[in-house]
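**Student:** Listed here are the chains, written in short residue letters.
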Amino acid sequence: MGVGSRAIRVDACEKVTGGAKYTDDLRPANCLVAKVVRSTVANGRVKAFDLAAALAVPGVVKIVTCFDAPPFEFPTAGHPWSTEAAHQDVADRRLLNERVRIWGDDIAAVIAENEVAAARAARLVRVEYEEYPVVLTPQEAMAPGAPVLHDARPDNVLAHTSFKIGEGGYEEAAAAPGLRIVEGTYETQTVQHCHIEEPVCYAYMEKGRVVVVSSTQIPHIVRRVCSQATGLPFGKIRVIKPYIGGGFGNKQEVLYEPLAAFLTTQAGGRPVEIELSREETFAFTRVRHAIDFSLKTAVRPDGRLVARRYEAYSNQGGYASHGHSIAANASNAYRHLYQDEQVLDADTYTVYTNIASGGAMRGYGIPQANFAMEAHMDDVARAIGMDPIDLRVKNCMRQGYVDPGTGITCYTSGLLGCLDQGKKHIGWDEKRKAYANQTGDVRRGVGMAMFSYKTGVYPISLETASARLVLNQDGTAQLQMGATEIGQGADTVFTQMAAETIGFRDEDIHIVSTQDTDVTPFDTGAYASRQTYVSGMALKKAAKVFRARILDYAEFMLKRAAGAMDIRESWIVDAESGERLLSMADLAIESFYSLTNSVHITAEETNHCKSNTFSFGACFAEIEVDIPLGKIEVLNIINVHDSGMLINPALAEAQVHGGMSMGLGYALGEQLRYDAKGRPLNNNLLDYKLPTSMDTPELHAAFVETDDPSAPYGNKSLGEPPAIPVAPAIRNALLHATGVAVNSLPLTPQKLVEAFAAAGMIASWEG
Amino acid sequence: MYDIEKIYQAKDVSDAIAALAADPDAVVICGGSDVLVKIREGKLAGCSLVSIHGLSELAGVRMEDDGTIVIGPATTFAHVTHDPVIERHLPALGAAVDQAGGPQLRNIGTIGGNVCNGVTSADSASTLLTLNALLELTGPDGRRTVPLCDFYRGPGKVDLAHGELLTAIRIAKADYEGFGGHYIKYAQRNAMDIATLGCAVHVKLDAEKRAVEELRLAFGVAAPTPVRCHAAEQAACGKAVSTELFDAVSEAAAGEVNPRTSWRASRAFRMQLVRELSRRALKQAIIHAGGAVSC
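Just so you know, the sequences run in chain order Z and L.
Per UniProt numbering, the very first residue in the first sequence carries number 1; after that it's consecutive.
Per UniProt numbering, the very first residue in the second sequence carries number 1; after that it's consecutive.
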């Protein structure tokens, strides 16, 4: 009951029995379907269409092309809007693009009576292009003479930011005598979220307004962007979010909702659905940015970091989406976890290319930076002959740290406790020794990596949230949150929080899972691991007001001072003795129907959150490497997290398991690949190596609970962090096992065999 | 929603052949695990189908009086694996097809479809090659028999005319009796994956179980079609179970295959797998044949 219990998910029964309704389950009977016609060049311009054959397909209602689409350029990132122009997201695309920047760009849409007709017609659309050369990497895009993707950025650099912490420059500090210099380059790859439910939405018109039903993490932001993309005023658009089958950040993006909103206006207001295939989801929604890092470190022989240099190049793809926010977040994390005696000097570039646009994905730049940082820390430890954990402990963030860039303060840190638990679980000290000098084809190693993570986006961006509580006649209450359930368990933990603060039993809180922008209070949605913290604050505020109003009514009914009473287990009780005085049902029915004092007891509060806090954690892994075959088997793996107080330990463990699974895929197999023309090669679940259950070892999760004073319930971020430290922990275990440093993800068999061959470990190699 | 123009469910083999003869564009569908994927991708969108799904004369495994094992091409992977005749006499084949896809695929995909698809990565193909499998093909003009090794004509191309059906896969007693076999599927994942390389071995040892009497070695994805490695087989003949044997087989096999570089894997990496997997598969097959491996 309440906060801290292993309560069963409030949506568990509906989801396992198939009762839960997702977007496609709700589509109206007379729904039309739309199929997006996609460019077959990655960089160019549409010159003309021949639609004759496509329009002749029976069942086709209409074909809308980029020449018919509204002229507005709009941003797609699921960020809170900024009323200051300088902080607004980059608006660099239209509903349908004449100037195409990725293979598969949206150039037209077929509206038809059914999927088969739409697909047949889409295949028959003939397109004439002007074709330009293709750039696939930041390096190619920044080279002199590279084709310009967006006229507003003639050098293709979407943004370049720098910061320096400390005095002087890196080179100057590193030149001091007695320091060891360690340098390395580290590469991360393009990956995709692979949420189970593909992006799907439908839109229809009602009383002159457009209603959009969508699988989204951010319904209120979807309304804003639909308005910006179509030119319709905010109030003419209503967005409804039912249950969704995962998002991981890909649905912290406005994808096809604006197009659906526009298409229904082109089809007389009839509902029009856009449901992507898995192949389209991979290639034409959003991906995690591939970021290349160049790192330099000057360290004392005793392990004290003196100066560091950080340079990062982030592959943005064709459109800005979340843009530089992600690479900038990555560089901030590099600053947070370790502090230098003298200076950290950082430069970060985000660069347009002709691959899929990078957007938000679980960890928001930190999985990339953490791979580079934690691989590099092991390289530094190796160079000075120090235990990698000792090196980290010597230099890492402690309680009381204040980030010089943002003022974010470390109020609580369980990081050292996480390291202790991890070491013990994996047998660190014994195995680091035992595996030190192996020979033979099969070798073992242990490795680790650790991280810090923020909780929400303050002060970079707005943090606001709202909650509403509405009493029923039987003494139960509806809870309406602007924050969204996206599979992570938000509805359950909000129920527990409301029950805790009001004094209700969990089962007396009926959370309304669906958000409907016409009636749901405002919240920007599920991202940045923010909701238990930021939306939890709004909920706690509303629950306190609700509770006070109930006690006021009890005072009226019982003629006792409200301050002398309490609410426990859904009863009005004497605060001191706990004696039950009045049931909530009796109170509620009187409040509705009293002939002298009727009142509908409700509460609605908004909270503008102006704080942030660091969570921490570490991954420890033991692996076995089959050298001639390049295969890594994970024998044992644990994530230990300090996410503050756990609202629901069972859901927290599940969250960690999911994140570790994602981290394993990132480490060992996942990579979205392109040919030289920018055409995706493996945008399907056969060729994109998402791990299966057969590839997944037993996942261990443990926690060090700290009670964070800035948080509503002592809690800190947990949604994204579990995915962060897994890949570098495995890379470092590989280094321990073989002595071979592989600095690019994923650690695929061929890459490993090539690295082992280069190290002279494979005699018969003929490459 | 699949874009299928029309589908005809055949009543029996001759009905299916007649239906195919009547429609030159019709495509045969059995389990559908390949055909439906191609329809969904658009490659076969709007096609006409003749279904042989559920025809009992094409399913099941039986042994003839002379010990020949006859596998119905419409037998699903799962049924091949768990068939008592296969478990007893062809366990390596049962284990090989148990590595295709995942449980759902193995419950619908058939061994005949796997062979007729003609892809080099087919999990049944290399093991069937080491068993000298014969294919019985039935068409409007009657039956003919083609050795599996002659059936492959190129990537995705097989010696099967429109209107012809694979109606039986036959393995003679002499091709399995006394042999121990093993198949290694090398893929990036442990399930739901396509082979980067497949290596199949069947080996017969001498009476003392110390030397190789006969070796059969085949690979998938080491060439445009599944291939046997006859030189490696010759090199092994009569050799004692020893480091020399494994080195000789590995070296000879590397000289016989011709893998290509694709975005999935380089030629060099596949060559490394050929060398390494030929050793490992042979070792395991020797153990299955009753021998012991100490090197």
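Since the hints were made in silico from the structure, they are not lab data.
Treat the hints with caution; some may be incorrect.
Unchecked claim - Cross-link-like lysine-lysine pairs, in silico, BS3-like; alpha carbons within 25 Å at most: (1) Z:K544 - Z:K610; (2) Z:K677 - L:K43; (3) L:K38 - Z:K677; (4) L:K173 - L:K283; (5) Z:K631 - Z:K610; (6) Z:K424 - Z:K394; (7) Z:K631 - L:K38.
**Student:** Determine which of the earlier numbered hints do not hold for this structure and return their numbers in increasing order.
**Tutor:** 5 and 7
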